[in-house]
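Chemist: One letter stands for each residue in the lines below.
Protein chains: 2
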Amino acid sequence: MIISTERGARPNEFRFERPSVIGREFCPFCPGHEELTPPEIMAYRQGGSAPNAPGWDVRVVPNKYPALHVEGDMGREGVGLYDRMNGVGAHEVIIETPDHKDMLADLPVKRLEDILWAYRDRMVDLKRDVRFRYILVFKNHGAAAGATLEHTHSQLIALPIIPTSVLTEIEGCRAHYQQKERCIYCDIVRQEVSDQERVVAENPEFICVTPFAPRFPFEMWILPKRHAAYFEESQKTQFEMLAPILSESLRRMNRTLRSPAYNFILHTSPLHEKTGEYYHWHIELIPKLTQVAGFEWGTGFYINPVTPEEAAKFLREAEL
Amino acid sequence: MIISTERGARPNEFRFERPSVIGREFCPFCPGHEELTPPEIMAYRQGGSAPNAPGWDVRVVPNKYPALHVEGDMGREGVGLYDRMNGVGAHEVIIETPDHKDMLADLPVKRLEDILWAYRDRMVDLKRDVRFRYILVFKNHGAAAGATLEHTHSQLIALPIIPTSVLTEIEGCRAHYQQKERCIYCDIVRQEVSDQERVVAENPEFICVTPFAPRFPFEMWILPKRHAAYFEESQKTQFEMLAPILSESLRRMNRTLRSPAYNFILHTSPLHEKTGEYYHWHIELIPKLTQVAGFEWGTGFYINPVTPEEAAKFLREAEL
Chain A
1 MIISTERGAR PNEFRFERPS VIGREFCPFC PGHEELTPPE IMAYRQGGSA
51 PNAPGWDVRV VPNKYPALHV EGDMGREGVG LYDRMNGVGA HEVIIETPDH
101 KDMLADLPVK RLEDILWAYR DRMVDLKRDV RFRYILVFKN HGAAAGATLE
151 HTHSQLIALP IIPTSVLTEI EGCRAHYQQK ERCIYCDIVR QEVSDQERVV
201 AENPEFICVT PFAPRFPFEM WILPKRHAAY FEESQKTQFE MLAPILSESL
251 RRMNRTLRSP AYNFILHTSP LHEKTGEYYH WHIELIPKLT QVAGFEWGTG
301 FYINPVTPEE AAKFLREAEL
Chain B
1 MIISTERGAR PNEFRFERPS VIGREFCPFC PGHEELTPPE IMAYRQGGSA
51 PNAPGWDVRV VPNKYPALHV EGDMGREGVG LYDRMNGVGA HEVIIETPDH
101 KDMLADLPVK RLEDILWAYR DRMVDLKRDV RFRYILVFKN HGAAAGATLE
151 HTHSQLIALP IIPTSVLTEI EGCRAHYQQK ERCIYCDIVR QEVSDQERVV
201 AENPEFICVT PFAPRFPFEM WILPKRHAAY FEESQKTQFE MLAPILSESL
251 RRMNRTLRSP AYNFILHTSP LHEKTGEYYH WHIELIPKLT QVAGFEWGTG
301 FYINPVTPEE AAKFLREAEL
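Protein sequences, first through last, are from chains A and B. Read in order, the letters of the first sequence are residues 1 to 320 in the numbering used here. Read in order, the letters of the second sequence are residues 1 to 320 in the numbering used here.
Mixed in with the good hints, there may be bad ones.
Copies of one chain are not kept apart here, so a pair can be met inside one copy or by any two copies together.
Pairs of lysine to any residue, SDA-like flavour, derived with a Cα cap of 25 Å [as the list claims (entries may be wrong)]: (1) K313 / N63; (2) K64 / K180; (3) K110 / C186; (4) K64 / P28; (5) K225 / E205; (6) K64 / E310; (7) K225 / R174; (8) K64 / A213; (9) K225 / R120; (10) K127 / S49; (11) K110 / N254; (12) K180 / I22; (13) K225 / G80; (14) K180 / S165; (15) K313 / R215.
By construction, these hints were calculated from the structure, which means they are not laboratory data. Keep in mind the model is a prediction, meaning the values are calculated, not measured.
Could you put together the complete structure from these sequences and hints?
Modeler: This is the structure:
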C-alpha cells in the first residue's frame, strides 16, 4: 500500500464517490497550457517546435501529484512489527493528443502507434535506472474508471519492487513452463485461434480475446501471437500491427457498450528478470461496468454475469 | 472467477455504471412482501408469528439471483487448457431489520447483536455440509459499494473452495507463526493498544483500528483482543461486546465521512482447517470513497491519500 498525501485532502473531500473531472477550460493537457504541468520529459513534435510549447502530437510530463518520487533512496525501516519504505519511483503522464475532444479509440491508427512508441521510449529510458524493477503502463478512461482529467492520457509508474499481482502471474507462468516447457500464453493463443469462440479481433501478429475466466464482463486481452516477454523489445512491424487491433478492440467495446469508462493495463515482464522463456506480455482491457463489492474484496474471486463466449460474439458483431 | 448468468443480461443493460436501486415500493425485504423472496431459511420472530409472514426482527432467505447453487456436485472438468467446475455453494441474504428506512449503524445495539447471532447460526448450520470449505459474510451498503437493494441487509456465501485471498492471508499468518510461535494479529493488537495512534474505538474484548498499511482511506479493522480463529465459536459475552464496537465504528465513519457507501467483510478461518493457533478472525470495514483504477488492477498495490494515523484521529474525534 502506498500512502500519498500530496493533495492534502481533508475528510470532507472524500465524501464524493466520484472525483470531479477537470474539463477543457482549466485543462493542463491542452496546447497553450503547457506551463500548468511540470516541464516535459519528452514529446513527439512537428518540425522544430520548442519544448513546453504547442506543436506536439504526444507529450510526456511528470505527474503533478505523483504517487511516488524519483529522488531519494528507499529508506527501508521497521516500525515495531511493521515495515516501511519511501515511495521511490517515477510517475509520468502520457498526453495522447493535443486535442481535448479526441478519444483514443477514434484517433487515426498511425497516431495510436506513436503513443505505443512513447510508452516504449519511456520504458527504455527508465530501465537504465537500476533502482526500478517494474514499469507499469496503464490508462484510466472516464471518471468511473478513476480518471480525474477528461483530456485523454495514459500513465506510467516505475516501481522499486515487483508488484504482488505481477509476481503471482509470473509464478503461474513459471509453474506451467516447468511442467511443460511451454509458455502458458502461447498455449492460450493456440487454443483461442483454434476454438475461435472467444476471439474478438485478429491480425497476423496479434489476437484480441475474451479470456476463458474473465473477472469482468466484456474483459478483453490483446496478446502477441509470437512469444515475447518484453513489450519494449517489440519490433517496429509489431507496433504497426498492435495499433490497429487496439483501436479496433476499443471501437468494438465502445459500439457494444456505448463508450463505457474503462481501464487498460500493459502486463510486461519485470526489468532485469530472466522471464524471457515463460512470460508473455499482453494488454488487459477492462470496461468499467460493475462495482467491485464485498464478495470480491473478501475472496479475490469475481462474479461475472456474462460468459466470455457471449461477450466475444457481441463484440465481434458490433458494426464499426 | 464465477460466471452467473441468472439475470440474463444483454449488453445494453451494462451501460450503466451504477445498478438501479430498488426502493421501498417494490422492496422484497419489507414485511408483507415475504412472498417476493424464496421461502425463509430462518428468522428471529416475535412470539408465535408464522414463517414467511410479518412479525420477524431478522430474516434469512436464499438469494433470488444466487451466484452459486446448493444443488449438484462440483463437476470438475478440463476444457482444453482450462479448468471448469460447477458453481456449487449457498448464497443467502440476511435481512437485518423489517423497517425499510433503518440503517445498520442506527439500530439499537441489542438488535445489531441479533444480526451477529444470525450470521453465527447460519455458519454453524452450513458448516455441516461437508462440501463447503469457506463461509464468507459481507455487507454492501449503498449503490457505489455494490448494493442493488436499498433495504439494509448482509450476505452470506458458502464456497466449495477456499478463496485465493483468504489462502494468501492464512499463508502469511502461518509464516509468522512458524517463525515466532505467535499469532500475527495478536501481535498487531498488542502494538496498536500500546501505540494508540491508530485506535478508533476499544472495549474490554475488541479494538477497532485503522491498519498500518490501509489499502483504502479510512479503512478500519475490528479485532477480538483475545486470540480466536473462528467467528462462529465466539462466546455470548463476545457478541455482546462486538455489537457496540461495530455500531460505534459505523457511526464514527458516518459522522466523519457523511454516511458513505461501504463494505464490510468478516474474515474468519476456513472450515475444517487447523488454523486455530495462527489465524485470528476480524472484520474489515471499507468506506467506498475512491475508485479502484488501472494502477491497482495492474499491481495489486493501492494508493491511499490519507495516513492511517490521520484517519484514526478524525474518526476518534467525531462527535457521536
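Chemist: The structure should be examined with respect to each hint, and the outcome stated for every one.
Modeler: Quick rundown of the hints versus the structure:
no.	hint	verdict
1	K313 / N63	neither (39 Å within a copy, 29 Å between copies)
2	K64 / K180	neither (46 Å within a copy, 43 Å between copies)
3	K110 / C186	neither (28 Å within a copy, 58 Å between copies)
4	K64 / P28	within (10 Å within a copy, 49 Å between copies)
5	K225 / E205	within (5 Å within a copy, 58 Å between copies)
6	K64 / E310	between (42 Å within a copy, 23 Å between copies)
7	K225 / R174	within (19 Å within a copy, 41 Å between copies)
8	K64 / A213	between (37 Å within a copy, 24 Å between copies)
9	K225 / R120	within (19 Å within a copy, 51 Å between copies)
10	K127 / S49	neither (28 Å within a copy, 70 Å between copies)
11	K110 / N254	within (20 Å within a copy, 50 Å between copies)
12	K180 / I22	neither (50 Å within a copy, 51 Å between copies)
13	K225 / G80	between (49 Å within a copy, 18 Å between copies)
14	K180 / S165	within (23 Å within a copy, 27 Å between copies)
15	K313 / R215	within (18 Å within a copy, 37 Å between copies)
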